[in-house]
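Chemist: Sequence:
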Amino acid sequence: MAKWHAFGRCKTRLSKDIGKSNSAKVQSVMTKHTISVAKSLQKNKIIDISLAISGLGLRNCKRWSNELGIKKYNLQGKGCLGEKMKRQIIINKKFCIQNKIKNIIFIGTDLPDLCHQDLLHTLKELNQNDLILGPSNDGGYWLIGLSEKIILKHTYLPFINIKWGNEYVLQNTIDNFTNKKLKYKFLHKKIDVDTIIDIENRK
Numbered sequence: 066m067a068k069w070h071a072f073g074r075c076k077t078r079l080s081k082d083i084g085k086s087n088s089a090k091v092q093s094v095m096t097k098h099t100i101s102v103a104k105s106l107q108k109n110k111i112i113d114i115s116l117a118i119s120g121l122g123l124r125n126c127k128r129w130s131n132e133l134g135i136k137k138y139n140l141q142g143k144g145c146l147g148e149k150m151k152r153q154i155i156i157n158k159k160f161c162i163q164n165k166i167k168n169i170i171f172i173g174t175d176l177p178d179l180c181h182q183d184l185l186h187t188l189k190e191l192n193q194n195d196l197i198l199g200p201s202n203d204g205g206y207w208l209i210g211l212s213e214k215i216i217l218k219h220t221y222l223p224f225i226n227i228k229w230g231n232e233y234v235l236q237n238t239i240d241n242f243t244n245k246k247l248k249y250k251f252l253h254k255k256i257d258v259d260t261i262i263d264i265e266n267r268k
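In this note's numbering, the protein residues as written are 66 to 268.
Across the chosen pairs, the derived CB separations fall in these ranges:
| no. | residue 1 | residue 2 | range |
| --- | --- | --- | --- |
| 1 | I156 | E265 | 30 to 40 Å |
| 2 | T243 | Q193 | 16 to 26 Å |
| 3 | K90 | N244 | 43 to 53 Å |
| 4 | G230 | N164 | 26 to 36 Å |
Derived EDC-like pairs (lysine to aspartate or glutamate); straight-line CA-CA distance at most 16 Å:
| no. | residue 1 | residue 2 |
| --- | --- | --- |
| 5 | K104 | E132 |
| 6 | K228 | D240 |
| 7 | K254 | D178 |
| 8 | K158 | D113 |
| 9 | K246 | E213 |
| 10 | K167 | E213 |
| 11 | K250 | D183 |
| 12 | K254 | E232 |
| 13 | K255 | D183 |
| 14 | K81 | D259 |
| 15 | K254 | D203 |
| 16 | K81 | D263 |
Since the hints were made in silico from the structure, they are not lab data. Beta carbons are placed, not taken as given, at the ideal position from N, Cα and C, and that holds for glycine.
Start from the sequences and build out the full structure, keeping to the hints where you can.
Modeler: Here you go:
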């Protein structure tokens, strides 16, 4: 899930402390880092990358994807984050079935500490769990991994009854699974970089 690093339209909270130009540069660097991590696994045919883009029209999405070296891309579309993720599952479901891909992993582009081991560990845990969550410092999650069972039968379950953008997103997601016979597991906590404090807390 990637947002175009437009001047004044990304990292608005961070821009209050470091300026619009610098915050756009931070977003660009973090996006390229995320893509680099994912491409290191795609190169070894461990994953396939699908870039979900917001902040650009279709033509510019294609241009940006080419610059990043990503062949498969889609627009995120309208709605809250949950609606955008559900849309990507629906868009990519046919591709997954045709290519015998069992799991879908969503990651954002606010993670300077993301490494390829995070994704490898997620894939390993999805062999024995239905849902993998990487808790973030703001009460949300920096990664969500969905098993074949969820993708095919419970597509909407992780994304319903959630007020996106507050400190209860992770807990609300877990609550959706309370009465279901589905297994979930947590990864270690990471810091999503949205403010100057997030950057300082990484030191």
